[in-house]
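K.L.:
Chain residues, written in single-letter form:
4 protein chains.
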Amino acid sequence: MRVTVWNENRHERREGTRPAELYPEGIHGAIAAGLRTHLGTDVEVTTATMEQPEHGLPAEVVEATDVMLWWGHEDHPGVDDAVVDRVHQAVLGGMGLLVLHSGHYSKIFRRLMGTTCSLRWRNDGEREVVWTVAPRHPIADGIPDPLVIDEQEMYGEFFDIPVPEELIFLSTFSGGEVFRSGATWTRGAGRVFYFSPGDQEYPVYHHPDIQRVLANGVRWAAPAGRGLPLDATHRPLGWFSG
Amino acid sequence: MRVTVWNENRHERREGTRPAELYPEGIHGAIAAGLRTHLGTDVEVTTATMEQPEHGLPAEVVEATDVMLWWGHEDHPGVDDAVVDRVHQAVLGGMGLLVLHSGHYSKIFRRLMGTTCSLRWRNDGEREVVWTVAPRHPIADGIPDPLVIDEQEMYGEFFDIPVPEELIFLSTFSGGEVFRSGATWTRGAGRVFYFSPGDQEYPVYHHPDIQRVLANGVRWAAPAGRGLPLDATHRPLGWFSG
Amino acid sequence: MRVTVWNENRHERREGTRPAELYPEGIHGAIAAGLRTHLGTDVEVTTATMEQPEHGLPAEVVEATDVMLWWGHEDHPGVDDAVVDRVHQAVLGGMGLLVLHSGHYSKIFRRLMGTTCSLRWRNDGEREVVWTVAPRHPIADGIPDPLVIDEQEMYGEFFDIPVPEELIFLSTFSGGEVFRSGATWTRGAGRVFYFSPGDQEYPVYHHPDIQRVLANGVRWAAPAGRGLPLDATHRPLGWFSG
Amino acid sequence: MRVTVWNENRHERREGTRPAELYPEGIHGAIAAGLRTHLGTDVEVTTATMEQPEHGLPAEVVEATDVMLWWGHEDHPGVDDAVVDRVHQAVLGGMGLLVLHSGHYSKIFRRLMGTTCSLRWRNDGEREVVWTVAPRHPIADGIPDPLVIDEQEMYGEFFDIPVPEELIFLSTFSGGEVFRSGATWTRGAGRVFYFSPGDQEYPVYHHPDIQRVLANGVRWAAPAGRGLPLDATHRPLGWFSG
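Chains as they are written, first to last, in UniProt numbering: chain A, 1 to 242; chain B, 1 to 242; chain C, 1 to 242; chain D, 1 to 242.
Rather than coming from a laboratory, the hints here were simulated on the basis of the structure. Hints are not guaranteed to be accurate.
Where chains are identical, the list cannot tell them apart; a pair therefore holds if satisfied intra-copy or between any two copies.
In silico lysine to any residue, SDA-like type, Cα no more than 25 Å apart, as pairs [claimed, not checked]:
1) Lys107 to Ala134
2) Lys107 to Pro164
3) Lys107 to Val163
4) Lys107 to Gly175
5) Lys107 to Ala48
6) Lys107 to Asp141
7) Lys107 to Arg122
8) Lys107 to Thr186
9) Lys107 to Arg10
10) Lys107 to Gly125
11) Lys107 to Ala222
12) Lys107 to Thr37
13) Lys107 to Asp85
14) Lys107 to Thr46
15) Lys107 to Glu165
16) Lys107 to Asp80
17) Lys107 to Leu39
18) Lys107 to Arg13
Just need the whole structure built from these sequences, with the hints factored in.
P.N.:
Put into structure tokens, the structure is as follows:
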């Protein structure tokens with residue numbers, strides 16, 4: 001299985017800032033390291049970043065990717081529509097996609113959801129408590145309930161998303177807010193998992209349980225091997241003679 | 001309540017064709033007449049067609065619409081993106097939308113769904129039998145189970161849509177196919193109902209039970225009056241002091 | 001429309017206790033009064049309590065009820081199975097049911113759900129904040145978001161229920177817990193709404209917004225009038241000749 | 001993984017009948033043979049039948065079972081309630097359950113669903129065409145779309161079940177009916193899959209694609225290994241100190 005971790009990669013390249021201190025290898029580097037720790041050697045994890053040609057996502061990279069992770073924040077509009085088209089088609093064709101934290105406002109997530117994907121937020125270093133409401137789901141496997149994150153940005157409802165197919169995690173914050181922090185959808189032949197914990201100002205992606213959630217998410221979102229009826233999915237088949 | 005029936009209005013303007021014979025007042029005219037028959041005098045039904053300026057959907061019309069119905073077929077790409085944006089925003093803000101038959105491939109429906117919305121099809125005048133699988137749903141109220149349409153175009157699975165929030169009708173066809181022919185989703189504050197029966201080659205929109213489904217759909221999709229937290233839906237509200 | 005508010009009616013009959021002080025007319029009395037305030041004169045609200053013959057729910061009462069509300073706590077096992085059977089059949093036949101607070105452990109709710117319906121709890125007079133995650137749902141109409149209850153018993157996840165068809169409210173508590181506090185299901189031709197705020201130790205049912213939620217729930221759960229295909233729902237129909 | 005195939009085992013023990021001819025090793029024998037063919041050697045498949053002591057399901061068998069399959073037809077009422085309780089508790093605790101064909105009326109399925117589970121039916125040797133509406137679901141992996149069964153009993157809507165969490169297969173029949181023939185639910189920590197094809201009068205369980213569906217279903221329903229928070233699922237945990 002081949003995993004591509006995509007990152008906007010801006011905050012952490014500004015010297016002397018908190019993100020640069022927390023993520024010297026980039027947020028993508030931390031996420032990739034966590035995946036390598038928690039997934040077996042059958043999984044090859046690579047990274048791609050926005051400043052690379054075609055944002056590091058030329059056709060051959062996207063086509064070779066089984067599961068993509070997407071982290072972006074301050075320049076969603078700067079992502080080339082042609083790349084968004086390419087990733088969108090890949091998801092519909094079966095590629096898994098994990099959208100992380102501020103990626104809720106990314107072009108690719110909004111396009112897959114069809115809504116504004118807006119939410120309440122406040123960055124005040126509050127405690128986030130992540131509760132499992134689907135204990136049987138493979139993404140929750142091995143995750144403590146609750147999972148406590150000492151400091152995080154608050155994301156709160158109303159989160160303007162389509163009703164999730166599966167609601168896995170709910171988060172509460174010190175201020176009393178609540179958020180649907182782990183949720184899934186199917187789009188075409190592809191599986192999408194949104195997971196909100198993870199901000200550039202906090203060491204969330206170094207947290208072993210958060211890494212485990214992402215690793216579980218990758219396993220869950222990976223395309224089913226043989227037998228996926230892609231043709232049936234994506235073009236009219238015409239007459240069925242029965 | 002104000003209802004706007006939108007129609008591409010091309011097939012039925014070609015003299016001497018079957019659509020022109022079946023729908024002398026246009027498909028929009030037939031749909032509007034059916035709605036007027038089945039809805040009370042509290043509902044004002046108007047129509048808009050593609051050849052009009054801004055496709056008959058300038059901002060003031062869209063803003064004044066509580067529920068829109070959308071029928072299109074042969075020129076989906078010709079619909080102006082600015083009008084699609086306007087309708088999209090209206091749905092997210094609470095306007096109801098009924099997408100009909102070949103409207104499955106319209107820009108607005110694909111944008112709301114995030115998928116290809118492709119399907120199997122065959123136009124061979126087959127019997128369509130519409131079964132109710134959500135008998136308690138208000139859209140099914142008063143609809144015979146099954147509802148038999150003597151001649152229709154076949155629409156078959158796999159229909160590449162997000163999993164419906166509510167699956168109301170399933171159709172079978174003489175060839176043995178099946179289709180999720182009546183389904184709903186919420187997008188932002190707006191309700192969306194897709195209903196597949198209705199082709200320009202058949203008198204489906206003159207069928208009283210089909211008219212009743214559409215009238216029920218309009219009632220169901222109408223915005224909730226006061227109290228809809230549109231602000232919460234569409235922009236971050238910031239601090240909650242609790 | 002005829003509404004029957006059922007109550008175990010034990011806590012509040014113990015003189016000198018907090019429940020007796022808060023609910024001198026019984027919890028059923030407070031709920032009924034709230035419904036009468038918020039619903040129109042087309043709705044007739046009556047009450048029934050556990051100590052009455054057949055728990056106040058003989059066949060003629062159940063058959064004449066459109067929507068029932070159920071509050072119980074300390075003697076769920078004492079409810080006669082024959083009465084539970086009767087209410088269960090009524091729900092499947094189209095009667096609406098609102099299950100309140102500690103009613104999560106009632107025989108009728110567990111039978112409709114098929115699960116243990118267990119949850120975490122702690123009675124410590126904490127603040128409950130009720131957030132709306134389905135702003136378009138009629139049960140949320142006119143309800144402030146968030147709705148703050150100054151003192152309540154804590155109910156927390158994991159709540160062992162089937163995945164709700166519609167998730168309307170999420171609650172957080174001072175201790176950091178979260179709860180799916182407003183959720184719906186369909187069973188047969190009947191609609192079920194569970195709403196957790198409301199404990200005998202706190203004046204929750206005197207709160208106007210809580211009363212409004214219950215009134216909205218009654219409207220939502222009321223049987224669809226004519227046209228409900230009860231026969232199709234409840235017995236095999238045999239041959240369809242097409 | 002340990003799989004137990006349970007069967008009422010009556011039809012096929014009547015000499016000279018069609019079921020006896022089709023299923024000389026019993027329906028359970030045919031199902032078990034199919035599972036052994038399609039699952040790896042890590043899966044141990046055993047059988048249990050109704051005429052055995054405790055219906056072949058004493059506590060030690062149920063506790064040792066990861067996934068159970070259930071086929072019954074003519075004597076659902078004869079199944080001991082104590083055994084149904086045991087299987088019910090096992091499902092809530094994480095055991096997978098596949099309910100087959102006429103098992104829709106079994107005590108265990110009705111108890112897990114909370115509805116009548118009634119349906120339309122007609123036994124006339126009609127063609128059943130099974131369509132996939134969730135091509136990405138692991139239970140559909142490798143299954144032809146459509147899957148054609150030359151002769152089967154007709155099962156038709158309205159099927160009085162709770163709305164499925166996942167709808168995987170839809171079947172059509174020569175008479176024009178439709179049926180939600182493959183659907184899933186979660187109950188507690190357990191996964192439930194209902195699959196309708198399979199009648200004692202037809203050789204359905206010898207069909208390789210049907211066997212593949214059941215094998216896929218077993219893999220999907222198997223309990224998640226370590227980490228399943230059974231305690232959280234099944235009893236209140238009390239105070240969370242955060």
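K.L.:
Now tell me if each hint is right for this structure.
P.N.:
Here's how the hints hold up against the structure:
{"no.": "1", "hint": "Lys107 to Ala134", "result": "between (28 Å within a copy, 24 Å between copies)"}
{"no.": "2", "hint": "Lys107 to Pro164", "result": "both (19 Å within a copy, 23 Å between copies)"}
{"no.": "3", "hint": "Lys107 to Val163", "result": "both (19 Å within a copy, 21 Å between copies)"}
{"no.": "4", "hint": "Lys107 to Gly175", "result": "neither (29 Å within a copy, 36 Å between copies)"}
{"no.": "5", "hint": "Lys107 to Ala48", "result": "within (17 Å within a copy, 31 Å between copies)"}
{"no.": "6", "hint": "Lys107 to Asp141", "result": "neither (30 Å within a copy, 31 Å between copies)"}
{"no.": "7", "hint": "Lys107 to Arg122", "result": "within (22 Å within a copy, 35 Å between copies)"}
{"no.": "8", "hint": "Lys107 to Thr186", "result": "both (17 Å within a copy, 20 Å between copies)"}
{"no.": "9", "hint": "Lys107 to Arg10", "result": "within (17 Å within a copy, 34 Å between copies)"}
{"no.": "10", "hint": "Lys107 to Gly125", "result": "neither (27 Å within a copy, 42 Å between copies)"}
{"no.": "11", "hint": "Lys107 to Ala222", "result": "within (22 Å within a copy, 29 Å between copies)"}
{"no.": "12", "hint": "Lys107 to Thr37", "result": "neither (30 Å within a copy, 43 Å between copies)"}
{"no.": "13", "hint": "Lys107 to Asp85", "result": "both (10 Å within a copy, 15 Å between copies)"}
{"no.": "14", "hint": "Lys107 to Thr46", "result": "within (22 Å within a copy, 35 Å between copies)"}
{"no.": "15", "hint": "Lys107 to Glu165", "result": "both (21 Å within a copy, 24 Å between copies)"}
{"no.": "16", "hint": "Lys107 to Asp80", "result": "both (9 Å within a copy, 20 Å between copies)"}
{"no.": "17", "hint": "Lys107 to Leu39", "result": "neither (28 Å within a copy, 40 Å between copies)"}
{"no.": "18", "hint": "Lys107 to Arg13", "result": "within (23 Å within a copy, 39 Å between copies)"}
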